[in-house]
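Sequences are here, hints too, so could you generate the full structure?
Each protein sequence line maps, in turn, to chains A and B.
Position one of the first sequence corresponds to residue -15 (the working numbering), numbered consecutively onward.
Position one of the second sequence corresponds to residue -15 (the working numbering), numbered consecutively onward.
These aren't lab readings, by the way, just hints derived from the structure by calculation.
Incorrect hints may have been included.
Identical copies look the same in the list; a pair holds intra-copy or inter-copy alike.
Said to hold, decoys possible - Result set (DSS-like, lysine-lysine): computed pairs, CA atoms no more than 25 Å apart in a straight line:
hint : residue 1 : residue 2
1    : Lys208    : Lys81
2    : Lys308    : Lys185
3    : Lys208    : Lys292
4    : Lys5      : Lys60
5    : Lys5      : Lys145
6    : Lys81     : Lys185
7    : Lys185    : Lys208
8    : Lys308    : Lys5
9    : Lys145    : Lys167
10   : Lys167    : Lys208
11   : Lys308    : Lys208
12   : Lys60     : Lys208
13   : Lys145    : Lys60
14   : Lys292    : Lys167
15   : Lys292    : Lys185
16   : Lys185    : Lys167
17   : Lys145    : Lys81
18   : Lys308    : Lys167
19   : Lys208    : Lys145
Note that the structure is predicted; figures quoted are calculated from it, not measured.
So you can see what is in the structure, the chains are spelled out below.
2 protein chains.
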Amino acid sequence: MRATVIHAPGDIRVEDAPEPKIVNPTDAIIRTVATCVCGSDLWPYRGLEPVGDPHPMGHEYVGIVEEVGSEVSNVKPGQFVVGSFATSDNTCANCRKGWQSSCLNREFMSTCQAEYVRIPNAHGTLVATDEHPSDELVPSLLAVSDVMGTGWYAALAAEVKPGSTAVVVGDGAVGLCGVIAAKELGAERIIAMSRHESRQKLALEFGATDIVSERGEDGIARIKDLTGGIGADSVLECVGTSQSMSQALHSARPGGNVGFVGVPHEVAVDGQELFFSQVGLRGGPAPVRRYLPDLIDRVLSGHINPGKVFDLTLPLEQVAEGYKAMDERRAIKTLLTP
Amino acid sequence: MRATVIHAPGDIRVEDAPEPKIVNPTDAIIRTVATCVCGSDLWPYRGLEPVGDPHPMGHEYVGIVEEVGSEVSNVKPGQFVVGSFATSDNTCANCRKGWQSSCLNREFMSTCQAEYVRIPNAHGTLVATDEHPSDELVPSLLAVSDVMGTGWYAALAAEVKPGSTAVVVGDGAVGLCGVIAAKELGAERIIAMSRHESRQKLALEFGATDIVSERGEDGIARIKDLTGGIGADSVLECVGTSQSMSQALHSARPGGNVGFVGVPHEVAVDGQELFFSQVGLRGGPAPVRRYLPDLIDRVLSGHINPGKVFDLTLPLEQVAEGYKAMDERRAIKTLLTP
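Here it is as structure tokens:
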């Protein structure tokens, strides 16, 4: 089969690789219908994370089940399935409390930009749709497996409630999905922080009520202006840098909440600053599995359309261009079709 | 009048000082019935915080109103009142949301270890009891003005709920009041981390179900043992050091919450560690004003007795011994009577 391999920063290739096989009785093999490039894939691509030996890439996927292990009964060959970047058995103590992304048997996906993928913990990870979805719905179902699930978690971690004011820091695919989530959860005012016209436009289409293009002190001042001088009830931090975390913490009011879903890179939170801010802070890899049935329903009913974050669709063979376009911010997010 | 002044680390004296006067129309002057020494007072006493010029000390108080400014109508001379270490107007945008300790006009109290005290923002800070309480109730009402209110906030910030498992890190007066709060809020299992027999005993009396005397890795392992391998739902961090914060974060399960109320000293939280822990974190100076009516009721009805944390009572003139006893851990908390 054809599969993506990163060799060094900036060096992404599609190569021949052996097809994956069932290893454990809880595995499934899927034929990839769509996969994509994640903002977090850009960290090694940009050399900001070590690449090490050449290795496969990709953790987002929807596909058709090819084969299941002997202990997988929730899905069967031929079904269209959606999963999560973090696999889970859905039965351990953490899963039972709804924190499947901290499953005691968790394995993170990392080989999905390929024609076939082995899904560990398939029994507790995959959710099948009743029918094969139409082609137009595939991008949104793919989004649910990661960026939409992550935006949803950010909004819940930030405790967005009906009537609340939400700020979204970051205008990447996750941030834009965070806007959708804040809207769905009833936020009355949704302030998207974005400096890019195409992303501002999509944020407004997704439900943002205000755009703030300033950053740093100016950005904080603008947020305060828009929130009665005290800051927002909820802030979704969807970047993962020290600057974005600071922006987020200073944009929330005392008693407000920051949900942070950008994997932090060299971020340290000062204890005394956090203390006096009285801001609640929760982050992490999203427990997408918890949200899958609900989010799949919202997509299939046409209620949300997070697939719009894919503004570039390429065949898998052109994965290198997919990374390049995102790196150069020519694309928000690249969808790949094997 | 007689008032406490710190001159240098270890050098606490009672001196003659002018009686306070009304400065602003929202002020009140109270005659102190009881005041006390706070764990946070020990930071400058121990030289761990700069002392600077000699200055008054103390931020906990109950007393009798002597005089009120022209804009104070909620309390009147002769009434017994309870307040908070953080004064609030109780009308600003933060106060209206219940975060009075971030009042836009907040002034922290700092002169309470004295015979008379000026209370700024008296109109939004002081709560009067219907009658003068009996002498036996005074220590518990004094505790409400700070340590009990702070323990209550820690439990709420840690989202203690009926049936949950709570860990209390720190066996000082705040930690012990945190045990009371966790019990009142319905925690089923309350694990107090303490190495001191007298404090362990009081924790058990207040409602702790388990005592863990280990710290660090061993302490975390013991907590995991007691919580099905995953950690506690709620952790109350009541110390404020890097070690205690780490203990707290590692004692909570994914999806659990840490409420931290020890003022952090040289604490930095690693973003990536917090991210993957999926633990929610909220700290700050407790919005005691929000809880005052409820906590005063619980004390007056005899339902809670946080005054038991005072295991040493001294006349104000012996304040130096009060600090010394706490510094040497001979006393949990010293009550002072002017």
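Task: Intra/inter-copy verdict for Lys208 and Lys81 if alpha-carbon distance must be at most 25 Å - done: between (36 Å within a copy, 16 Å between copies)
Open item on the list: Treating 25 Å as the Cα threshold, decide for Lys308 and Lys208: within, between, both or neither.
Closed with: neither (36 Å within a copy, 45 Å between copies)
Task: Same-copy or cross-copy closeness of Lys60 to Lys208 [CA-CA at most 25 Å] - done: Cα proximity of Lys60 and Lys208: none, with 52 Å in one copy and 37 Å across.
Task: Alpha-carbon proximity context of Lys145 and Lys81, limit 25 Å - done: both (21 Å within a copy, 14 Å between copies)
Open item on the list: Within a copy, between copies, both or neither: which one fits Lys145 and Lys167 at a CA-CA cutoff of 25 Å?
Closed with: within (10 Å within a copy, 28 Å between copies)
Task: Copy assignment of Lys185 with Lys208, given that the CA separation must stay at most 25 Å - done: within (23 Å within a copy, 48 Å between copies)
Task: Within, between, both or neither, where Lys292 and Lys167 count as close if Cα-Cα is 25 Å or less - done: Intra 16 Å, inter 49 Å, cutoff 25 Å: intra-copy only.
- [ ] Since the copies are identical, ignore which copy is meant and state whether Lys81 and Lys185 lie within 25 Å (CA to CA) inside a copy, between copies, both or neither.
- [x] For Lys81 and Lys185, neither the intra-copy (37 Å) nor the inter-copy (33 Å) Cα distance is at most 25 Å.
Open item on the list: At most 25 Å between CA atoms: does that hold for Lys308 and Lys5 within a copy, between copies, both, or neither?
Closed with: neither (31 Å within a copy, 70 Å between copies)
Open item on the list: My question is about Lys208 and Lys292: at a cut-off of 25 Å on alpha-carbon distance, are they close within one copy, between copies, both, or neither?
Closed with: Result: close neither inside a copy nor across copies, 30 Å intra and 43 Å inter.
TODO: If the cutoff is 25 Å on CA atoms, where do Lys208 and Lys145 land: within, between, both or neither? Let me know, please.
DONE: within (19 Å within a copy, 33 Å between copies)
Task: Copy assignment of Lys292 with Lys185, given that the CA separation must stay at most 25 Å - done: within (12 Å within a copy, 61 Å between copies)
Hints 3, 5, 6, 8, 11, 12, 13 and 18 from the earlier list are contradicted by this structure; the remaining hints agree with it.
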